[in-house]
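Participant: So the chains spell out like this:
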Amino acid sequence: MLQVAIANIKTYARRYIAVLLAVAIGTAFLGATLAVDSSTRATLKNSLGDSYKNADLVASVDWELTPNDRDTSMLSMDTVREIRDLPEVSGVYGDGVMGAALRTGDNGYTVMLQPISAENKLSGMSMLEGRAPLGADEVVIDQEHAEQMGLSVADTVALSSMEDNAKMRELKVVGIVETTTDPMSSSFAQLAMQEDAWERFAGENAQLNRLVIDAEKDVAQTQAAVAEYFHGKDLVDVVVNTADEQVLDDVASMTGGTDQLTIILLVFALVALIVTGLVVMNTFSVVIAQRTRELALLRTLGAKRAQIRSSVLIEALLIGVIASVVGVALAVALMAGLIQLLRNLVPEMSYATLAVDARGIIIPLAVGIVMTVLAAWLPARRAMSLAPLAALRPFDAASVKNRAGLVRIIFGSLLTLAGAALLAYGALNSELLIAFAGGLLSFPGILMLASLFVPATVFGIGKLMTGRSVAGRLASLNAVRNPGRTTATATALLIGVTLVSMIMVGGQSAKATLNGSISGEYPIDLTVAQDTLTSDSVAPKLAELEGVESVSAYTMRTVATEFPDGSSSEEYAMVVDPESYASVVHDEQIVPRDGELLSTWWQIEADHATVNGQPVKLRTTSASFVSNTLTENTAAKLGISDKEGKSGVAIKVDPSLSNGAVTELVESIADVAGVENSMISGGVTEKAMFSQIIDVLLMIVSGLLAVAVLIALIGVANTLSLSVLERTRENALLRALGLKKKQLRSMLATEAVLIGGVAALLGLILGAVYGLLGAHSALSSVGSMSYEIPWLQLAAVLLVSLLAALLASITPGRRAAKLSPVEGLATE
Amino acid sequence: MTTETQQVTDYAVQARGLSKSYGRDSTRVEALRGVDVAFARSRFTAIMGPSGSGKSTLMHCLAGLDNADSGEIIIGGKNLTELNDDQLTTMRREQIGFVFQSFNLVPTLNARDNILLPLSLAGKKHDREWFNVVIDSLGLRDRLTHKPHELSGGQQQRVAVARALLTRPEVVFGDEPTGNLDSRTGAEVLSLMRTSTREMGQTIIMVTHDPAAASYADTVLLMKDGNLVGSLEDPTVASVTEALASLAE
Chain A
1 MLQVAIANIK TYARRYIAVL LAVAIGTAFL GATLAVDSST RATLKNSLGD SYKNADLVAS
61 VDWELTPNDR DTSMLSMDTV REIRDLPEVS GVYGDGVMGA ALRTGDNGYT VMLQPISAEN
121 KLSGMSMLEG RAPLGADEVV IDQEHAEQMG LSVADTVALS SMEDNAKMRE LKVVGIVETT
181 TDPMSSSFAQ LAMQEDAWER FAGENAQLNR LVIDAEKDVA QTQAAVAEYF HGKDLVDVVV
241 NTADEQVLDD VASMTGGTDQ LTIILLVFAL VALIVTGLVV MNTFSVVIAQ RTRELALLRT
301 LGAKRAQIRS SVLIEALLIG VIASVVGVAL AVALMAGLIQ LLRNLVPEMS YATLAVDARG
361 IIIPLAVGIV MTVLAAWLPA RRAMSLAPLA ALRPFDAASV KNRAGLVRII FGSLLTLAGA
421 ALLAYGALNS ELLIAFAGGL LSFPGILMLA SLFVPATVFG IGKLMTGRSV AGRLASLNAV
481 RNPGRTTATA TALLIGVTLV SMIMVGGQSA KATLNGSISG EYPIDLTVAQ DTLTSDSVAP
541 KLAELEGVES VSAYTMRTVA TEFPDGSSSE EYAMVVDPES YASVVHDEQI VPRDGELLST
601 WWQIEADHAT VNGQPVKLRT TSASFVSNTL TENTAAKLGI SDKEGKSGVA IKVDPSLSNG
661 AVTELVESIA DVAGVENSMI SGGVTEKAMF SQIIDVLLMI VSGLLAVAVL IALIGVANTL
721 SLSVLERTRE NALLRALGLK KKQLRSMLAT EAVLIGGVAA LLGLILGAVY GLLGAHSALS
781 SVGSMSYEIP WLQLAAVLLV SLLAALLASI TPGRRAAKLS PVEGLATE
Chain B
1001 MTTETQQVTD YAVQARGLSK SYGRDSTRVE ALRGVDVAFA RSRFTAIMGP SGSGKSTLMH
1061 CLAGLDNADS GEIIIGGKNL TELNDDQLTT MRREQIGFVF QSFNLVPTLN ARDNILLPLS
1121 LAGKKHDREW FNVVIDSLGL RDRLTHKPHE LSGGQQQRVA VARALLTRPE VVFGDEPTGN
1181 LDSRTGAEVL SLMRTSTREM GQTIIMVTHD PAAASYADTV LLMKDGNLVG SLEDPTVASV
1241 TEALASLAE
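Protein sequences, first through last, are from chains A and B.
Each residue of the first sequence is one higher than the one before, starting from 1 at the first, in this note's numbering.
Each residue of the second sequence is one higher than the one before, starting from 1001 at the first, in this note's numbering.
Hints are supplied without guarantee of correctness; some may be wrong.
What the hints assert, rightly or not - Simulated crosslink set (BS3-like; lysine-lysine; CA at most 27 angstroms straight-line):
id, chain 1, residue 1, chain 2, residue 2
1, A, Lys740, A, Lys818
2, B, Lys1125, A, Lys10
3, A, Lys10, B, Lys1147
4, A, Lys541, A, Lys646
5, A, Lys463, A, Lys742
6, B, Lys1124, A, Lys10
7, A, Lys617, A, Lys646
8, B, Lys1147, A, Lys818
Derived from the structure by calculation, the hints contain no laboratory data.
Hey, can you work out the whole structure from these sequences and the hints?
Facilitator: Next up, the structure:
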């Protein structure tokens, strides 16, 4: 049968192009996912390894080895000195980091301060300029941060420990080192000073993370000697690894996060593969339907049922192999391109590394092949059950009645009902996991029942939309003449569109809801604090800045409050004009009423207090960036002094501003108000960050699911072009009877648009329901729900599906129209 | 009964009490009403009869393509009605050959592969000598590498005949083998078939409604309403036409 299978593939190669494409895309998705995983590891290894690139051994403390009754061992400079004396060791570097405060002229920074030893090559630092620090008052700094701070060799900086600002020391920059690629330490400026100076500066904080050791001769011998030293000191929880082992350990501890990313990507790859499977199954069903006579002939000539099945499966296997190889190659090429792009565009990512391991090649290959063969299994079984006599019957092109199996309907109904019940329960009780399980059960259930409602919907909508034109009527009849095929084609698209629209609707609602609760959490966008009482004059100037929606000036007064439990407090409170203040806040809850003190003392449970001997109501808020607040009227009534104090302006920012624009706005506000940046605070940055994160997530997820939609659309094109081949005689007859070429093309276009449109429409409805229920079960416990449907995006999905279906009909339509009536009728 | 059926008789194909009906109740059609028939070895037999007489159904049942409701069919000493699908399939590829009206070649395979198809399905090697005899007697040597669509109708049918003969089956069934051919090429194919009975001893059973085609046969069996109603030995076009005319009365 191999001979027949190969002959078939050779002859009908064009019919398989779409399947090849679909399988290749699905496999490439999976391959790329795995390549992302392995490349992330390799990249981390590459960059983490930077610290040990000159070392043989690394000694560090492993907390898990510490006995329960003891404290974790400490590595100190004393340890370094003692190991340095071991004969097997040629050099030791004690690697430790402590935070410090750096001042350069007018700016302050938090920096990481490291020791640097005479054997500074072990520290992994490369000197770019100047020299290593020799004296106690010399430091080196990394190049990138030196540039940012405007420092160069021979400049003087002031350094103090984080705890004690008073112990400020003047230091001289003597060298510039290369900025590390280690992601754990590259976000802060790296300073290094001579080992002993570091030890004195750090004082009791002089703990080392690890010792980097160079062996005198034999690495294994040295490793044993160092381990022996720690053993002799009874430091049982110190591990001595070779540099390579240490890198692997560090990578493992850092990739916990990327593992989750990989799992999420794998879920999307699975969706793409399921859709691919449907497309493959559909294509094989159609191909086999077209070959009915041929297969029946083989049966007549003595092919056993099992031989027919294996012939179909061999074809599937060959296609699976070719497509999977193409897919994996595509994935590797894609990743290589992406990494090259990353290297070129982002200088800090210059250490990004492409890595494809055996797993990343074998798994997608195997999955692609097995999936293709499995998807062909059902069509192959159908082919197997063909009666030999089918070869002798006149060709029967009438519509096919596929009865949905009773078992499938019952099973599908049960799944749908059970899933819907779980989903409803989960949504009502805010149990995301239960709702998720419900969705997981009900969606396959609905897909199993698809044959009950998809063809009926296609026919109904076809009847409504196509009106009285002959081509239109024929199209809507053709679209449902093989309900099984229509269902399978539509289902592939339905899955993709449902998932995309679920993410869109769910994400939009999540965003609206989160925005609501974030507004409650960060009710004030920005406040500008001033040491003087000049805010009244500054406020109008700030109001004129672009990006500022409204402003409200307030004063800060000292308020002495006594609580019923006898405790008291004397703190600054905001005194606001309630009307203008209400116009700048996102949550009216934080506007105090007259006679009320809005308090941030969440630990005080009383609902009243006394200020200056007069009673005042207390209302507590937990919102961020809010101070104790009272109205001007209340302040006057309580006799709070208006002669002294500070002032400020509360600002509402245009919500459409991006993160970057907000940063710029803060700069210009600081200029106008004549204050330092640090005097401006508020929730606007946090808010912008949250909604940006949601937006990016939505975009990524929709993009990933779009792959599934793309594959499904290839499926629509494929089914249609195969149907056209199948109906060559019939279309030729219609042409002979007077159907114009244009009408024939529009008939096919209508058919494609009907199937694609109905699948997209049903998917949108289903996805919207899932999205709303999902958002409700995930977020209704977080705060008050806002339901939003992104109509524009959903309309775009529908439009894209319709256009793609139309596009899919062009080639088959042209082929059908090219055939002359006589030729077509002559075709067997 | 069993001992009798396992005997190899002088008959290539035998059937007893063969009945077959289609449909139910009001649409019920009795295609075969207890047909008893035996086809002698190395003979070319034609089955004739008007439309709906049951001749095609008889052939389909005899060839194991369709199941009879009752009765038994014995080919090469085996009772077809007792075989399961796989055994029946093996039977078809080893003991039975087919020549169809519409040639029914596999369009993706060339002539040579089409001829060898039943043997490659069985996973058997062909007898090279016999292959040469068959293709030479059918004049196919130059056409072996051609695909079906590159061959004329007559050539395609000769490929189909070669395919049927190559396994040296107990019997070759022809279903209107000349129905799609013009009279000259039809005559050519029919004489080739007759030659194969004379020279290779091949048993052939052919269903046709063309008296000219039937005149190439050794025997003509006449059917009407699901029954065998007569036979003609050494038929001519005239005698067949006359016999058919008498059936219509």
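Participant: Are the hints correct? Go through all of them and say.
Facilitator: Consistency of the hints with the structure:
{"no.": "1", "hint": "A:Lys740 <-> A:Lys818", "in the structure": "11 angstroms, holds"}
{"no.": "2", "hint": "B:Lys1125 <-> A:Lys10", "in the structure": "24 angstroms, holds"}
{"no.": "3", "hint": "A:Lys10 <-> B:Lys1147", "in the structure": "13 angstroms, holds"}
{"no.": "4", "hint": "A:Lys541 <-> A:Lys646", "in the structure": "18 angstroms, holds"}
{"no.": "5", "hint": "A:Lys463 <-> A:Lys742", "in the structure": "21 angstroms, holds"}
{"no.": "6", "hint": "B:Lys1124 <-> A:Lys10", "in the structure": "24 angstroms, holds"}
{"no.": "7", "hint": "A:Lys617 <-> A:Lys646", "in the structure": "24 angstroms, holds"}
{"no.": "8", "hint": "B:Lys1147 <-> A:Lys818", "in the structure": "24 angstroms, holds"}
Hint compliance for this structure: no hint is broken.
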